[in-house]
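So you can see what is in the structure, the chains are spelled out below.
Protein chains: 2
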Amino acid sequence: MTGEIVTAGTGVRPRGAGRAQLHDVALRLFAVHGVEGTSLQAIADEMGVSKAAFYYHYKSKDDLVLGILAPLTGQLGAVMERTRARRGRQARLDEFIVGLVDLALDSHDQFAMMLGDPAVARILHAHALSQGWADLLELVCPASEGDRSTRIALLLFATGLLCPIRDPDLADVDRETLRETLIDAGRRLLRVRRPPTAE
Amino acid sequence: MTGEIVTAGTGVRPRGAGRAQLHDVALRLFAVHGVEGTSLQAIADEMGVSKAAFYYHYKSKDDLVLGILAPLTGQLGAVMERTRARRGRQARLDEFIVGLVDLALDSHDQFAMMLGDPAVARILHAHALSQGWADLLELVCPASEGDRSTRIALLLFATGLLCPIRDPDLADVDRETLRETLIDAGRRLLRVRRPPTAE
DNA sequence: GTCTATAGAACGATAGAC
DNA sequence: GTCTATCGTTCTATAGAC
Numbered sequence: 393m394t395g396e397i398v399t400a401g402t403g404v405r406p407r408g409a410g411r412a413q414l415h416d417v418a419l420r421l422f423a424v425h426g427v428e429g430t431s432l433q434a435i436a437d438e439m440g441v442s443k444a445a446f447y448y449h450y451k452s453k454d455d456l457v458l459g460i461l462a463p464l465t466g467q468l469g470a471v472m473e474r475t476r477a478r479r480g481r482q483a484r485l486d487e488f489i490v491g492l493v494d495l496a497l498d499s500h501d502q503f504a505m506m507l508g509d510p511a512v513a514r515i516l517h518a519h520a521l522s523q524g525w526a527d528l529l530e531l532v533c534p535a536s537e538g539d540r541s542t543r544i545a546l547l548l549f550a551t552g553l554l555c556p557i558r559d560p561d562l563a564d565v566d567r568e569t570l571r572e573t574l575i576d577a578g579r580r581l582l583r584v585r586r587p588p589t590a591e
Numbered sequence: 393m394t395g396e397i398v399t400a401g402t403g404v405r406p407r408g409a410g411r412a413q414l415h416d417v418a419l420r421l422f423a424v425h426g427v428e429g430t431s432l433q434a435i436a437d438e439m440g441v442s443k444a445a446f447y448y449h450y451k452s453k454d455d456l457v458l459g460i461l462a463p464l465t466g467q468l469g470a471v472m473e474r475t476r477a478r479r480g481r482q483a484r485l486d487e488f489i490v491g492l493v494d495l496a497l498d499s500h501d502q503f504a505m506m507l508g509d510p511a512v513a514r515i516l517h518a519h520a521l522s523q524g525w526a527d528l529l530e531l532v533c534p535a536s537e538g539d540r541s542t543r544i545a546l547l548l549f550a551t552g553l554l555c556p557i558r559d560p561d562l563a564d565v566d567r568e569t570l571r572e573t574l575i576d577a578g579r580r581l582l583r584v585r586r587p588p589t590a591e
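Each protein sequence line maps, in turn, to chains A and B. According to the numbering used here, numbering within the first sequence proceeds without interruption in unit steps and concludes at 591. According to the numbering used here, numbering within the second sequence proceeds without interruption in unit steps and concludes at 591.
It is worth saying that the hints were derived from the structure and are not from the lab. A portion of the hints provided could be inaccurate.
A short, non-exhaustive set of chain B residues, derived as facing chain A with CB atoms under 7 Å [unchecked claim]:
1) 425
2) 426
3) 429
4) 508
5) 540
6) 541
7) 544
8) 552
9) 556
10) 559
11) 573
12) 577
13) 580
Note that the structure is predicted; figures quoted are calculated from it, not measured. Where is the CB? At the ideal position from N, CA and C, for every residue including glycine.
Could you build the full structure based on these sequences and the hints that come with them?
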């Protein structure tokens with residue numbers, strides 16, 4: 393079920409308890425308005441503190457984004473571990489699908505940030521940290537094999553997970569149903585027959 | 393093949409020829425950095441003119457975004473017309489898939505803006521103009537029928553089209569191959585058997 | 001851990017000359 | 001159709017008191 397919160401090896405360290413609230417508030421605003429569309433002022437206002445208080449927790453806005461995304465990077469690594477442990481192409485694809493869906497459902501906003509926000513792409517790139525996702529892709533569908541159509545389907549699926557997650561139309565669908573539907577969609581898309589071993 | 397450029401009924405009017413270059417430059421920058429991440433200064437610099445020159449063409453940045461998106465709105469309407477003309481659920485789904493893929497390939501950057509950029513969502517909403525996409529969705533999968541799993545797959549597919557389009561890994565895939573692969577993926581995802589009549 | 005105050009830059013937008 | 005110059009605002013970020 394992808395429960396582990398990994399603090400990850402990105403060099404971003406938590407400090408106190410107020411930071412958790414900062415993450416929550418910032419993440420929610422980032423998800424709605426995007427990173428560039430959210431000012432530190434807006435975050436501070438929403439928290440009911442002054443803007444300067446922010447700088448106790450992080451030294452810059454970019455740092456905040458990295459701090460928010462750090463757990464996701466760790467979780468992505470965990471999915472990669474589990475995928476690597478599987479043998480056979482079908483088993484690996486299935487592990488990838490299930491892992492990614494759980495990640496998208498557990499950490500929707502972070503997931504949407506990472507894959508959807510151009511500002512985040514810039515920040516990750518600037519810190520040479522965009523690797524996690526690229527590595528996972530490479531593991532499950534090596535570029536050397538040149539299987540373009542699988543790679544396209546993979547990218548389509550991962551990106552497609554952005555929408556069902558944040559769409560207001562789907563707010564009333566319960567989590568387990570959504571999860572099964574998305575996993576089903578992934579298997580259909582990637583021609584994975586059934587859960588190869590168990591779940 | 394979705395050739396028609398419809399100026400659309402959005403109330404945004406072209407003026408001269410310099411506007412075409414403005415659209416090109418702005419669109420390219422918007423696609424990379426997002427709307428909020430692209431300043432009018434950056435656009436002006438890229439065009440080799442002053443920032444003030446921009447205001448001859450549009451009265452605001454929001455207006456520029458609407459102007460850039462107007463043709464897409466028209467094309468979306470055309471897809472809707474063609475979809476409406478089809479009879480039967482399978483035929484409509486197929487028309488939707490093919491139409492959307494062509495739109496995504498023809499107008500990748502506009503497509504990515506509309507579906508991916510939170511700033512654009514805000515602008516469209518502020519002008520009560522987000523309808524085109526919602527209407528198309530409603531036509532092909534009415535909310536009243538309550539077929540959640542099809543709706544989820546539909547959203548996943550549309551959003552998923554964002555990525556194969558802009559991913560640098562896929563730059564060497566020729567357009568026709570990409571088109572066929574994406575259409576195939578859509579049919580698999582939405583369980584559409586074959587091209588119901590012709591193409 | 002939070003505050004006030006402010007520096008300094010960048011932003012969107014306007015005025016008016018050419 | 002483009003320019004220079006500038007207005008008013010907002011932004012990130014810092015300094016220093018509590």
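Okay, the hints, checked on the actual structure:
| no. | hint | in the structure |
| --- | --- | --- |
| 1 | 425 | holds, 6 Å |
| 2 | 426 | holds, 4 Å |
| 3 | 429 | holds, 4 Å |
| 4 | 508 | holds, 6 Å |
| 5 | 540 | holds, 6 Å |
| 6 | 541 | holds, 5 Å |
| 7 | 544 | holds, 5 Å |
| 8 | 552 | holds, 3 Å |
| 9 | 556 | holds, 5 Å |
| 10 | 559 | holds, 6 Å |
| 11 | 573 | holds, 5 Å |
| 12 | 577 | holds, 5 Å |
| 13 | 580 | holds, 5 Å |
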